[in-house]
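**Q** Sequence:
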Amino acid sequence: MGLGIARGCLAPGWRVPARVRAAVTTRHIAGASQGPHAGFNLGTRCGDDALAVAWNRGALVRLLALPRGPLWLQQVHGCAVVDADRDDLPEEPVADAAVSHRAGVVLAVLTADCLPVLLCADDGSAVGAAHAGWRGLAAGVLEAAVAALRVPPARVQAWLGPAIGAASYEVGEEVRSAFVDADAQAASAFAPTRAGHWHCDLAALARQRLAGAGVGAVSGGGYDTLGDPRFYSFRRERSTGRFATLIWRES
Numbered sequence: 016m017g018l019g020i021a022r023g024c025l026a027p028g029w030r031v032p033a034r035v036r037a038a039v040t041t042r043h044i045a046g047a048s049q050g051p052h053a054g055f056n057l058g059t060r061c062g063d064d065a066l067a068v069a070w071n072r073g074a075l076v077r078l079l080a081l082p083r084g085p086l087w088l089q090q091v092h093g094c095a096v097v098d099a100d101r102d103d104l105p106e107e108p109v110a111d112a113a114v115s116h117r118a119g120v121v122l123a124v125l126t127a128d129c130l131p132v133l134l135c136a137d138d139g140s141a142v143g144a145a146h147a148g149w150r151g152l153a154a155g156v157l158e159a160a161v162a163a164l165r166v167p168p169a170r171v172q173a174w175l176g177p178a179i180g181a182a183s184y185e186v187g188e189e190v191r192s193a194f195v196d197a198d199a200q201a202a203s204a205f206a207p208t209r210a211g212h213w214h215c216d217l218a219a220l221a222r223q224r225l226a227g228a229g230v231g232a233v234s235g236g237g238y239d240t241l242g243d244p245r246f247y248s249f250r251r252e253r254s255t256g257r258f259a260t261l262i263w264r265e266s
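The sequence shown begins at 16 in the numbering used here and counts up by one.
Worth flagging that the hints you see were computed from the coordinates, not collected in a lab.
The model shown is predicted, which means the values in this text are computed figures rather than measured ones.
Even for Gly, the Cβ is constructed at its ideal location relative to N, Cα and C.
Any given hint could be a false lead.
As the list claims (entries may be wrong) - For each label pair, taking beta carbons as the anchor points, the in silico distance ranges come out as:
| no. | residue 1 | residue 2 | range |
| --- | --- | --- | --- |
| 1 | Asp196 | Arg101 | 29 to 39 Å |
| 2 | Ser140 | Asp64 | 34 to 44 Å |
| 3 | Pro105 | His43 | 25 to 35 Å |
Take the sequences, apply the hints, and build the full model.
**A** Put into structure tokens, the structure is as follows:
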């Protein structure tokens with residue numbers, strides 16, 4: 016991944032058709048948010064001024080020359096997937112993933128340590144975006160999103176966006192058991208730190224879940240939002256903003 020799509024944004028380094036566009040925002044884009052949300056906060060449920068977020072969201076459309084405003088989700092750490100092509104959607108559907116088979120539909124997920132995952136059919140006929148914290152991963156949000164693409168999983172590419180790194184993410188028994196009790200191989204994604212605690216590798220868990228769903232072409236990962244000041248991090252700051260990971264198809 017490198018700087019490319021627009022100043023202050025990151026472009027995924029994956030091989031997808033040219034008409035498929037994707038980007039990750041950073042807090043280094045000049046925005047209207049101040050205080051703990053300073054920069055380009057795009058989240059409406061993290062305590063920022065509503066007018067500042069509205070300005071940032073409008074600026075995002077201009078910055079990336081989006082065909083329309085993104086479909087924002089009311090994320091709840093679950094596994095619901097919304098079909099973004101429906102005409103009867105509420106303004107912000109309650110879901111943690113979205114898919115589209117139409118050009119001009121912009122999908123977005125908001126994160127500040129959780130793992131954003133982008134999906135794309137190898138011919139560009141379908142795209143998806145998922146918000147994958149540990150609860151969503153354990154609940155099967157990635158498997159549900161892959162199924163919603165309605166293409167053979169072997170033809171799906173996945174890209175893992177910036178999330179908290181394993182060395183920064185210490186968890187307790189509840190988190191480890193949620194994965195290991197379902198699949199013993201998930202133990203490889205946890206490294207013991209102290210009694211009853213482990214470092215958790217979200218990207219490794221996502222790769223395992225995607226592989227189980229039949230998706231073998233997975234790229235990305237490697238960032239640590241807690242240690243990288245370009246990204247908002249809930250664990251680093253508690254009161255903070257959210258950055259967006261977006262995908263869409265051009266006509």
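**Q** Each of the hints needs a verdict: does it hold here or not?
**A** Results of checking the hints against the structure:
1. Under the hint 29 to 39 Å, the C-beta atoms of aspartate 196 and arginine 101, about 35 Å apart, fit the expected range.
2. Range check, serine 140 to aspartate 64: Cβ separation about 40 Å, and the 34 to 44 Å hint holds.
3. Between proline 105 and histidine 43 the beta carbons are some 32 Å apart, a value that agrees with the proposed interval 25 to 35 Å.
Every hint, counting from the list given before, is met by this structure.
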